[in-house]
Structure formats: C-alpha cells, structure tokens
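S.K.: One-letter residues, chain by chain:
There are 2 protein chains.
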Amino acid sequence: MTRTSRSSYHHGGLRQAVLDAALDVIAAEGPGALSLRDLARRAGVSHAAPAHHFKDRTGLLTALATEGYGLLAEALAAAPELRERGVRYVRFAVEHPAHFQVMFQPELLRADDPDLLAAKERASAELRAGVAGLTEVPDARTAGIAAWSLAHGFATLLLTHNVTGALGDRDPEEYFRSLTGLLFTGQLPPEQEGKRE
Amino acid sequence: MTRTSRSSYHHGGLRQAVLDAALDVIAAEGPGALSLRDLARRAGVSHAAPAHHFKDRTGLLTALATEGYGLLAEALAAAPELRERGVRYVRFAVEHPAHFQVMFQPELLRADDPDLLAAKERASAELRAGVAGLTEVPDARTAGIAAWSLAHGFATLLLTHNVTGALGDRDPEEYFRSLTGLLFTGQLPPEQEGKRE
DNA sequence: ACAGAATCTAGTCACTGACTAGATGGTGCT
DNA sequence: AGCACCATCTAGTCAGTGACTAGATTCTGT
Numbered sequence: 300m301t302r303t304s305r306s307s308y309h310h311g312g313l314r315q316a317v318l319d320a321a322l323d324v325i326a327a328e329g330p331g332a333l334s335l336r337d338l339a340r341r342a343g344v345s346h347a348a349p350a351h352h353f354k355d356r357t358g359l360l361t362a363l364a365t366e367g368y369g370l371l372a373e374a375l376a377a378a379p380e381l382r383e384r385g386v387r388y389v390r391f392a393v394e395h396p397a398h399f400q401v402m403f404q405p406e407l408l409r410a411d412d413p414d415l416l417a418a419k420e421r422a423s424a425e426l427r428a429g430v431a432g433l434t435e436v437p438d439a440r441t442a443g444i445a446a447w448s449l450a451h452g453f454a455t456l457l458l459t460h461n462v463t464g465a466l467g468d469r470d471p472e473e474y475f476r477s478l479t480g481l482l483f484t485g486q487l488p489p490e491q492e493g494k495r496e
Numbered sequence: 300m301t302r303t304s305r306s307s308y309h310h311g312g313l314r315q316a317v318l319d320a321a322l323d324v325i326a327a328e329g330p331g332a333l334s335l336r337d338l339a340r341r342a343g344v345s346h347a348a349p350a351h352h353f354k355d356r357t358g359l360l361t362a363l364a365t366e367g368y369g370l371l372a373e374a375l376a377a378a379p380e381l382r383e384r385g386v387r388y389v390r391f392a393v394e395h396p397a398h399f400q401v402m403f404q405p406e407l408l409r410a411d412d413p414d415l416l417a418a419k420e421r422a423s424a425e426l427r428a429g430v431a432g433l434t435e436v437p438d439a440r441t442a443g444i445a446a447w448s449l450a451h452g453f454a455t456l457l458l459t460h461n462v463t464g465a466l467g468d469r470d471p472e473e474y475f476r477s478l479t480g481l482l483f484t485g486q487l488p489p490e491q492e493g494k495r496e
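Which chain is which? The protein sequence lines are A and B, in order. Numbering of the first sequence is given in my numbering, commencing with residue 300 and proceeding in unit increments. Numbering of the second sequence is given in my numbering, commencing with residue 300 and proceeding in unit increments.
Note that these hints are calculated values from the structure, not bench results. A virtual CB, placed ideally from N, CA and C, is assigned to each residue, including glycine. Where hints are given, some of them may not hold.
Claimed, not checked - From chain A, some residues computed to sit far from chain B (all C-beta separations above 12 Å):
#  : residue
1  : R314
2  : D319
3  : R336
4  : G343
5  : A347
6  : E366
7  : P379
8  : D414
9  : A431
10 : G432
11 : A442
12 : L458
Stated by the list, open to error - 25 Å max Cα-Cα, derived SDA-like pairs, lysine to any residue:
#  : chain 1 : residue 1 : chain 2 : residue 2
13 : B       : K354      : A       : K354
14 : A       : K354      : A       : V324
15 : B       : K354      : A       : L333
16 : B       : K354      : A       : A417
Let's have the full structure, built from the sequences with the hints guiding it.
M.R.: As structure tokens, then:
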C-alpha cells in the first residue's frame, strides 16, 4: 500500500484510489452497484470527499471512461496491422472489463466532457489507422466498420458470457484470430495491390 | 388508453403497464434510471404495487429480458437464410433498444430464472438454425460465432452512437447488408434457396 | 354465498446522491 | 517570517429509493 500515513487529513491519492476501487466494484457487480459513499468508505474518507475529485457519480464514470479510452489507444498503437489490432481490442476488453463496459454505455457519461472527447478521439484515430493500409477491400471505411463490429461484438459476447460454450477452454484471443480469418476472405485477387480510392 | 376505469382499486393490466413504462425510461435514460417508485407513480398505483408482479428491481429487468428474448426469437424465426437473420438481428436492436440493452447486461438479471433461460434458449436455437445450412464454410460453429459477433457488434455500436458518422443518412439495415458481404465473401451462390430439415 | 387467493395500499427502515457550510493544511507571494 | 489563497477533506442535511411488513380490497372458483 502506498498509503501515506501522515497526518491523515489529506489522503494523498484519493482520486486514483476511488477510481481503482470503482473498477473492482464494476467488474464484480456492474456500474449500477456503484455507490460514492461505499467508495468513500473503502478509501477511509468521509462520504463527501470524492465529490471534490468527480463532481458526481456521472463525473466518476466519465473519468473512468476517459482512462479507458486512453488505455485502449495505448494498446492499439503498438499493433502492426489490422488483425493484430483486433486481437488487442479483444484483449483490452478482457483485461479491462470495467473500463470497457463503462465506455460503451453513453447514458452513464457526460458526453460533452472535453477530456473524454479527446481520449475518445485518440482511440478512434488508432482504429482508423488500422484500416488505412487495407488495400484488399474496395471501401476501407466500410471494412473498418466491419472489423470494428466483429471485434466489438466478440468482445461484448465474451464479457456477457454468451460464447463460453463455443469457446471451450480455448484462449479467447486465439479463437478471435480464427474469426478474423473469415473476414475479407478470398474475395479479391490477393495480389491486387493497386489502389484507386 | 386501455385503462379500465373501474373501481380503480385493481389496476387490471399493471404488469404490462409497468413493463411498457420501464421500456420508455430505459430507452431514454438507461436501466440505471429505473425506479420502481417512479414506475408505480406513472401507473397511478402505490409504490409497493409493482413488487407483487416483479419481486424486485432485478425481477422487473429479468421479465423485460425474457420478453426481449421472446421477441428476438420471433423476429429471427421468419428469416430464410443467414444474412437475412443478421439483418433481423440488427433490426431488433434498433426497434427494441431497451430490451436489447437489458438482455446483454447479465449483472442486472436473475441469471437462473427459468422463464428467462427458456426464452434465451429459444432465441439461441434460432441463431443456431441460421448457420445450420451453411456448407460453404469449414466450421459452422465458428462461422456462427463470427456472424453473431458481426451483427451484435454492429448493433451495439449503432445503439451507442459510434457509427453514426460512417453511416451518414444510410439505412442501418442496408449498411449492415454491405458488411455481411465481407464475411465468408464471394462464396454464397445467390440463389441457394434449397432447404434441408 | 363464501372461502381463499391475487392484487393493491400504507407505513417503515437503512441507504443513496446531491448539496451546504466550515475545518484543515499545503503553496506561493511578499 | 508572515500571510492570503485554495484545493482537499469533514460533518450535517434533504428528498428519493429498494426492500420489507401488515392489512385492506377485489376477484375467483366452488
């Protein structure tokens, strides 16, 4: 614990402590079970302390989503090509289920928050970059939506326990790789490299 | 209003009235904004009346999800082949966003509710039936997960306003049809109408 | 007609989010 | 060194909520 056992009036890292505790609660019981008072209790501060960092419940969730988009952008940035980007997307959802959940429930968030928008845009740029080099497909934009839909759908079904049966004991990422093999398959002559936009 | 203006002690159709009101609230503000007391107010009954139909909040949401799976099974049953089943899936999400949302948030539901499980199984069977006739693909099970992921992902991104830009003013269903063209591509004989079993 | 079941009312409890005023202590300015 | 500022935190309050209880009213089958 990095708890600074100082005078104990100022907590020191309350903001991050509350965010981290929130992740645990959400991963275990969903965003609906979030209670600012409970989080305050866990951090050992009074019930109104978190309000200074996140104005209200929505503010807390918006901060979480912002953090999530940042992590996603970071995860995607390192990937070399489209399929690997998809795999990273799925991995992100598996490793950060609470972030993922909150990011895609807009009614929980302050949609016009500037930090949120900026982080979202960074992640979005990474997604677009993934299909930029795609030449085997007529319309890159549509192909991007298809790839995103496939990855997002699989990730969502995974987190909601809707594919555990089909998965067996296989690794989700590996399974997803086999799914990507069914997208854009054998459609155009594979050597068509010429771009025409 | 089908309100039977009888003695006004018994509401008559309280169960369905509460379910319908809940759909409005969820579609507008998400499941988190649901309040049994508010629903009771809307129906003009005391704050504890809904508890007799749905034991608690979770019970209400479970009933909604059950209704949703029933509607989905119904919608899918009529579709002739896989691509059309996907389109119906997306259409279901667009036409019943509240149901769709609740169905895929397991932490809101009583997962072991027998009615829910039965309805889910009926919808699941329809999904499986969609890929049963797929012979152009090596592993029908995996192909089914791919198709489901694509449809589910697109539907989710649609409802969370993440593809409105790419969509422009095109009809979502029509756009989704073009996405399906990228899965298992170029291998479906367009006139394959032959049914088996 | 009547008994029992289903449906609804009314009251209560602990808990929550949002809000307020004020205490505390660190920071930078002079 | 002194001092004013300000972010952080405490403490108290309010209306609204879910869950629970006991009891009233109406419907149903016999």
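S.K.: Take the hints in turn and mark each one as holding or not.
M.R.: Here is how each hint holds up against the structure:
Under the 12 Å C-beta cut-off, the non-interface status given to R314 of chain A relative to chain B holds; the minimum distance is some 23 Å. Listed as a non-interface residue, D319 of chain A keeps its Cβ farther than 12 Å from every Cβ of chain B; the least gap is roughly 19 Å. With a minimum CB-CB distance of about 16 Å to chain B, R336 of chain A clears the 12 Å threshold, and the non-interface call stands. The non-interface label for G343 of chain A is consistent with chain B: the shortest C-beta to C-beta separation is roughly 27 Å, beyond 12 Å.
At the 12 Å boundary, the C-beta of A347 of chain A stays outside the reach of chain B, the nearest C-beta of that chain being 21 Å off. Every CB of chain B lies more than 12 Å from the CB of E366 of chain A, the least distance being 18 Å, so the non-interface label holds. The non-interface label for P379 of chain A is consistent with chain B: the shortest C-beta to C-beta separation is roughly 21 Å, beyond 12 Å. Every Cβ of chain B is farther than 12 Å from the Cβ of D414 of chain A; the closest lies at roughly 18 Å, confirming the non-interface assignment.
Consistency note on A431 of chain A: stated as away from chain B, and its beta-carbon is indeed over 12 Å from all of that chain's, at 15 Å minimum. The beta carbon of G432 of chain A is kept farther than 12 Å from every beta carbon of chain B, the shortest such distance being approximately 17 Å. Some Cβ of chain B comes within 12 Å of the Cβ of A442 of chain A; the nearest lies about 6 Å off, and the non-interface call is violated. Not every CB of chain B lies more than 12 Å from the CB of L458 of chain A, the least distance being 9 Å, so the non-interface label is violated.
As the CA atoms of K354 of chain B and K354 of chain A are separated by approximately 34 Å, the hinted pair breaks the 25 Å bound. Straight-line distance between C-alpha atoms of K354 of chain A and V324 of chain A comes to about 19 Å, which keeps the hinted pair within the 25 Å bound. Restraint check for K354 of chain B and L333 of chain A: satisfied, since their Cα atoms lie roughly 22 Å apart, inside the 25 Å limit. For the given pair, K354 of chain B sits about 43 Å from A417 of chain A by alpha-carbon distance, which is inconsistent with the 25 Å threshold.
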